[in-house]
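Enquirer: Can you build the whole structure from these sequences, using the hints too?
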Amino acid sequence: MKISEIGHAFVTGGASGIGLGAVKGLAARGVAVTAADFNQDALSDLLAEGNAKIRGVHMDVRDREAWATAKAEAEAAFGPVNLLFGNAGIASVGFELADMDPESFDRIVGVNLFGAFNGISAFAAGMRERGRGHIVSTASIVGIASPKHGVGGNYVASKFGIIGLSEVLRMEMAPHGVGVSVLCPGHIATGNGRNPIRFANDLRKVAGLGDTPGGRVDDLVPRLLAGIEAGDFYIISHCEHEWENVEKRSKELEAAFKAHRSF
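The numbers in this note's numbering rise by one with no breaks, and the one at position 124 of the sequence shown is 110.
Worth flagging that the hints you see were computed from the coordinates, not collected in a lab.
These figures come from a predicted structure and were not determined experimentally.
Note that beta-carbon positions come from the ideal geometry of N, C-alpha and C, so glycine has one too.
Take these hints with a grain of salt, some might be off.
To be verified - Here are the simulated EDC-like cross-link-like pairs (lysine to aspartate or glutamate), alpha carbons at most 20 Å apart as the crow flies: (1) K(-12) / E215; (2) K57 / D46; (3) K39 / E59; (4) K57 / E115; (5) K244 / E233; (6) K39 / E61.
To be verified - Derived Cβ-Cβ restraints for the label pairs, each shown as a range: (7) A241 / E61: 44 to 54 Å; (8) A245 / A58: 45 to 55 Å; (9) E153 / A212: 18 to 28 Å; (10) A84 / G36: 43 to 53 Å; (11) A111 / H246: 31 to 41 Å; (12) A14 / L83: 40 to 50 Å; (13) R235 / A63: 35 to 45 Å; (14) K234 / R202: 24 to 34 Å; (15) D85 / R247: 31 to 41 Å; (16) G36 / E233: 44 to 54 Å; (17) K234 / A14: 36 to 46 Å; (18) A84 / G163: 45 to 55 Å; (19) P161 / A58: 26 to 36 Å.
Expert: So, in structure tokens, the structure goes:
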């Protein structure tokens, strides 16, 4: 879908990190954007810039009633949403699954995976009916192949889930002219790692993890917008050092299928 044809985009996690970069990048290209975020302070800072192309909504993406209200108000203000970018997410590091607080697991999966589904539930049927639109959900490179250590299993599970959700959604929406993409970035410098503290302390320092500064959002956003226009399903960014894990998983799957065929 051409960016110039979008008209109105709805972006969750839109007041910081990748979401904020997308909001500003889309607005700069003439798209009206509704930026949704749980962080009221960050949202207020964004709206204080006074860009008439950007409106904001304070919401928790786990709240399905809030989604219904947000959709109605957004479309009353800017017209039908033709791009949904389900980007809201929080991370958890340092706790092995055997030691993890079950509430932490529920919280991360609730925001990252259920939040993405709630957006799809709110907007996908309308796009299907109109026969146009595009849905992007933010997963991660760890949703393609698990990391070697450190990143919480709840986070990894949520990102694997987003890829599966997006693969099914692509199959369902393709006959109706609606595009689907899944954004899989590597390490990007965002506020993602600090967000769990607003819900509860899910973080523990892991030696060597997070010591590198990460990629720049300003470098990722052009790749994201180009991927939408090209209709790419996987939009990969800043994963130059992650191919080893992806290739290892692929080889294990190949070996397992070959072993199965031998019986």
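Enquirer: Are any of the numbered hints broken by this structure? If so, which, sorted upward?
Expert: When the structure is compared with the hints, none of them turns out to be violated.
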